[in-house]
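*Asks:* So the protein sequences, as listed, match chains A and B. According to my numbering, the stretch in the first sequence is residues 1 to 400, in order. According to my numbering, the stretch in the second sequence is residues 1 to 400, in order.
Since the hints were made in silico from the structure, they are not lab data. Take these hints with a grain of salt, some might be off.
Said to hold, decoys possible - Pulled a few chain A residues facing chain B out of the computed Cβ check, cut under 7 Å:
1) N48
2) F50
3) G82
4) L86
5) L121
6) L318
7) R323
8) L329
9) R349
10) Y353
11) A356
12) A360
13) N395
What you are looking at is a predicted structure, and each value in this text was computed from that prediction instead of being measured. C-beta atoms are modelled at their ideal positions from N, C-alpha and C, and glycine is treated no differently.
2 protein chains.
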Amino acid sequence: MENLTQPLMVAGIRLGTVCAGIKYPDRRDLVVIEAAAGTRVAAVFTRNAFRAAPVTVARVHLAAASPRYLLINTGNANAGTGRQGLADAEASCQTLAELTGCTPLEVLPFSTGVIGEPLPLFRLMAGLPAALAALQADGWEEAAHGIMTTDTRPKWASRRQTRNGREVTVTGMAKGAGMIRPDMATMLAFIATDAEVDQALLRQVLTEAMADSFNAITVDGDTSTNDSCVLLATGQSGAAIPAGGDEFEQFAGMVREVCRDLAQAIIRDGEGATKFITVQVEGGRDVAECRQVAYAIAHSPLVKTAFFASDPNWGRILAAVGRAGLNELEIDRVALHLDEVCIVREGCRAADYTEAQGQAVMARPEITIRVELGRGEATARIWTTDLSFDYVRINAEYRT
Amino acid sequence: MENLTQPLMVAGIRLGTVCAGIKYPDRRDLVVIEAAAGTRVAAVFTRNAFRAAPVTVARVHLAAASPRYLLINTGNANAGTGRQGLADAEASCQTLAELTGCTPLEVLPFSTGVIGEPLPLFRLMAGLPAALAALQADGWEEAAHGIMTTDTRPKWASRRQTRNGREVTVTGMAKGAGMIRPDMATMLAFIATDAEVDQALLRQVLTEAMADSFNAITVDGDTSTNDSCVLLATGQSGAAIPAGGDEFEQFAGMVREVCRDLAQAIIRDGEGATKFITVQVEGGRDVAECRQVAYAIAHSPLVKTAFFASDPNWGRILAAVGRAGLNELEIDRVALHLDEVCIVREGCRAADYTEAQGQAVMARPEITIRVELGRGEATARIWTTDLSFDYVRINAEYRT
Numbered sequence: 001m002e003n004l005t006q007p008l009m010v011a012g013i014r015l016g017t018v019c020a021g022i023k024y025p026d027r028r029d030l031v032v033i034e035a036a037a038g039t040r041v042a043a044v045f046t047r048n049a050f051r052a053a054p055v056t057v058a059r060v061h062l063a064a065a066s067p068r069y070l071l072i073n074t075g076n077a078n079a080g081t082g083r084q085g086l087a088d089a090e091a092s093c094q095t096l097a098e099l100t101g102c103t104p105l106e107v108l109p110f111s112t113g114v115i116g117e118p119l120p121l122f123r124l125m126a127g128l129p130a131a132l133a134a135l136q137a138d139g140w141e142e143a144a145h146g147i148m149t150t151d152t153r154p155k156w157a158s159r160r161q162t163r164n165g166r167e168v169t170v171t172g173m174a175k176g177a178g179m180i181r182p183d184m185a186t187m188l189a190f191i192a193t194d195a196e197v198d199q200a201l202l203r204q205v206l207t208e209a210m211a212d213s214f215n216a217i218t219v220d221g222d223t224s225t226n227d228s229c230v231l232l233a234t235g236q237s238g239a240a241i242p243a244g245g246d247e248f249e250q251f252a253g254m255v256r257e258v259c260r261d262l263a264q265a266i267i268r269d270g271e272g273a274t275k276f277i278t279v280q281v282e283g284g285r286d287v288a289e290c291r292q293v294a295y296a297i298a299h300s301p302l303v304k305t306a307f308f309a310s311d312p313n314w315g316r317i318l319a320a321v322g323r324a325g326l327n328e329l330e331i332d333r334v335a336l337h338l339d340e341v342c343i344v345r346e347g348c349r350a351a352d353y354t355e356a357q358g359q360a361v362m363a364r365p366e367i368t369i370r371v372e373l374g375r376g377e378a379t380a381r382i383w384t385t386d387l388s389f390d391y392v393r394i395n396a397e398y399r400t
Numbered sequence: 001m002e003n004l005t006q007p008l009m010v011a012g013i014r015l016g017t018v019c020a021g022i023k024y025p026d027r028r029d030l031v032v033i034e035a036a037a038g039t040r041v042a043a044v045f046t047r048n049a050f051r052a053a054p055v056t057v058a059r060v061h062l063a064a065a066s067p068r069y070l071l072i073n074t075g076n077a078n079a080g081t082g083r084q085g086l087a088d089a090e091a092s093c094q095t096l097a098e099l100t101g102c103t104p105l106e107v108l109p110f111s112t113g114v115i116g117e118p119l120p121l122f123r124l125m126a127g128l129p130a131a132l133a134a135l136q137a138d139g140w141e142e143a144a145h146g147i148m149t150t151d152t153r154p155k156w157a158s159r160r161q162t163r164n165g166r167e168v169t170v171t172g173m174a175k176g177a178g179m180i181r182p183d184m185a186t187m188l189a190f191i192a193t194d195a196e197v198d199q200a201l202l203r204q205v206l207t208e209a210m211a212d213s214f215n216a217i218t219v220d221g222d223t224s225t226n227d228s229c230v231l232l233a234t235g236q237s238g239a240a241i242p243a244g245g246d247e248f249e250q251f252a253g254m255v256r257e258v259c260r261d262l263a264q265a266i267i268r269d270g271e272g273a274t275k276f277i278t279v280q281v282e283g284g285r286d287v288a289e290c291r292q293v294a295y296a297i298a299h300s301p302l303v304k305t306a307f308f309a310s311d312p313n314w315g316r317i318l319a320a321v322g323r324a325g326l327n328e329l330e331i332d333r334v335a336l337h338l339d340e341v342c343i344v345r346e347g348c349r350a351a352d353y354t355e356a357q358g359q360a361v362m363a364r365p366e367i368t369i370r371v372e373l374g375r376g377e378a379t380a381r382i383w384t385t386d387l388s389f390d391y392v393r394i395n396a397e398y399r400t
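Let the sequences and hints guide you as you build the complete structure.
*Replies:* Set out below in structure tokens:
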């Protein structure tokens, strides 16, 4: 549904996508993103200790220079590959730099795919000239295809606003369907704007947008080794974003909406997903404990299989709340709703709840689980999927 | 395989099992265990905040009196049932007390089954006279059947030693196949000995035995609302256990072995399990961080589906180690073995590892994952299962 409209072009950004045969022949698997000179870049990366070689290299390059090119491959994660992996990631940047006349530090590498296999460096390098020849401003849709792995559909989102007579555009794309419980960022997401944004401000906008988007989703609790999210601001629209006030809020809102659209698209395309589940926890002492409860629910295989079965088996949700590790949780203050249906009040089944009500809610493709803890004012909200036969099939057959 | 031998009788213990129709007709679902006067009892219970009514009642009774009867039903967990659930659990104890001439405080209630449904108290009470009439010293096997839910086979274990001319026997039974990540105890386990053991010592023996058995297993990370483990010492063998020394160690060893047999039997019978997986983490700074890494591996759906597929997809194991949340983990010190095969050395694929070696190991029904962290002397070991189509099927069809 997020793909009914085309992604909007962003002035100063061109994208080129080719089939380089990284893992399979005739599959789009190599993407180059070119950013105009003067583009500012903010990025966040996985906190997984086994971060992939390109993540390490991208962090070093980002600290040293302003990126001009992003180099993305699928089919191979270049993770668990030790020193050779680092050398390969550097070599790929070097090659792109030679072809374009920039320095290797101005290239950020990104990889996604199987872990632990050596990067097929030669095939990657051989694909670069064609990728550069393919660069075009309306290359977003092709590129969104080019970064897919087990994704069943490409994911992009766009927002556009006019401010002081100047149009500002934000467009992003993302990939990810499994090994998804981002810890800083989803597997790969690239967002660009033509607004002119100060570097520190850009970082702030990205960090805030993450909290309520990529950092609020989980498919299977497995944080990837390659999570990366990049926000580029080319400044080509001529609209400068101030450090605060309405204009800042509107711009930050656009970025947040694009990130949330992409994050939700990842969940809708979660491996084997048949349901889109919002977990909302209210009445906690702080946001951290609300998130703790929300993730205990979202990661419970028993809760997830009950949703797959459309079975209003609410006892499993209560059991997950109870094992979330909150100190001094008073269960007779806990309430549970599925959408508009109150199932649990004061810690046990609501007197007016009927199984028929529960079944009616569970039959829906999108469901909100709302838990009231009754011990504070904090809330948190995350999005997740059910656990289906197809999740098992996909992950028993596919090698990430 | 644990059932090739019969459970050994324990002097002073009788068990009676009947079909009370708690949830289904003609299914053994009500068990009474009678302990001789003077029996000492130690017990541990779930730490899930949504603990079931019988858990609350059993804790109160245990603090007030020495138990003579354990009353166990399957088919209904009496959890999430509020005040009515507490009243129902008390009423069931009251009825058994009247039938046997003891006080209600001398009865401990236990329930397992679907959460959130009212306990069918009348059917339970109606079954008690027949259960009492069925009491017999060799009732362990029947009782082990009587406490099953999604279990595919009964689980028991026995040990016997002769000490100073007196035989000491330890026999236990357990149930549990899903919603298994015990936090204090597995769903239900009952262990009895005819040794004479001081109350404080009995508690110590149980606590130590738990650490390396029921508290070291996980099927799905979902701690149940009803976990309970009870150790009864009737003293009828006449062998008194001293507070230390070889005799104590040998007795504690028997209890530990029975607990471990039962815990491993639960994993072997884990919902949908096709593999028995030992996760051993070595070289940690302390046991807590070793367990943290072990559970991150054991709970990873991606690791579990790879084992189901017999796919040596070791990158998923590394990714789980990396996201386990250890501070300052140096990945180039990490090693990974599957059984005798070294796959990862110094953080990346071992030079001499071949895919064929990995496939050969993964084809085995029992596999040990051994992770070396290289930052200390601590170790931890847990047991878990893979994640199969059948896990999803069972939990999509069955209402816990």
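*Asks:* Could you run down the list of hints and mark each one as holding or not?
*Replies:* So, going through the hints one by one against the coordinates:
1. N48: Status holds, d = 4 Å.
2. F50: For F50/A, the interface hint holds, since the closest Cβ of chain B sits about 3 Å away, which is under 7 Å.
3. G82: 3 Å, holds
4. L86: Check failed: Cβ of L86/A comes no nearer than 10 Å to chain B, outside 7 Å.
5. L121: With Cβ-Cβ at 16 Å, over 7 Å, it is violated.
6. L318: 5 Å, holds
7. R323: 4 Å, holds
8. L329: Hint holds; L329/A Cβ to chain B Cβ min 4 Å, cut 7 Å.
9. R349: It holds, given that the least Cβ distance between R349/A and chain B is near 6 Å, below 7 Å.
10. Y353: 10 Å, violated
11. A356: Not OK, violated: A356/A not within 7 Å of chain B, min 15 Å.
12. A360: Status violated, d = 17 Å.
13. N395: 4 Å, holds
Hint compliance for this structure: hints 4, 5, 10, 11 and 12 are not met, and every other hint is.
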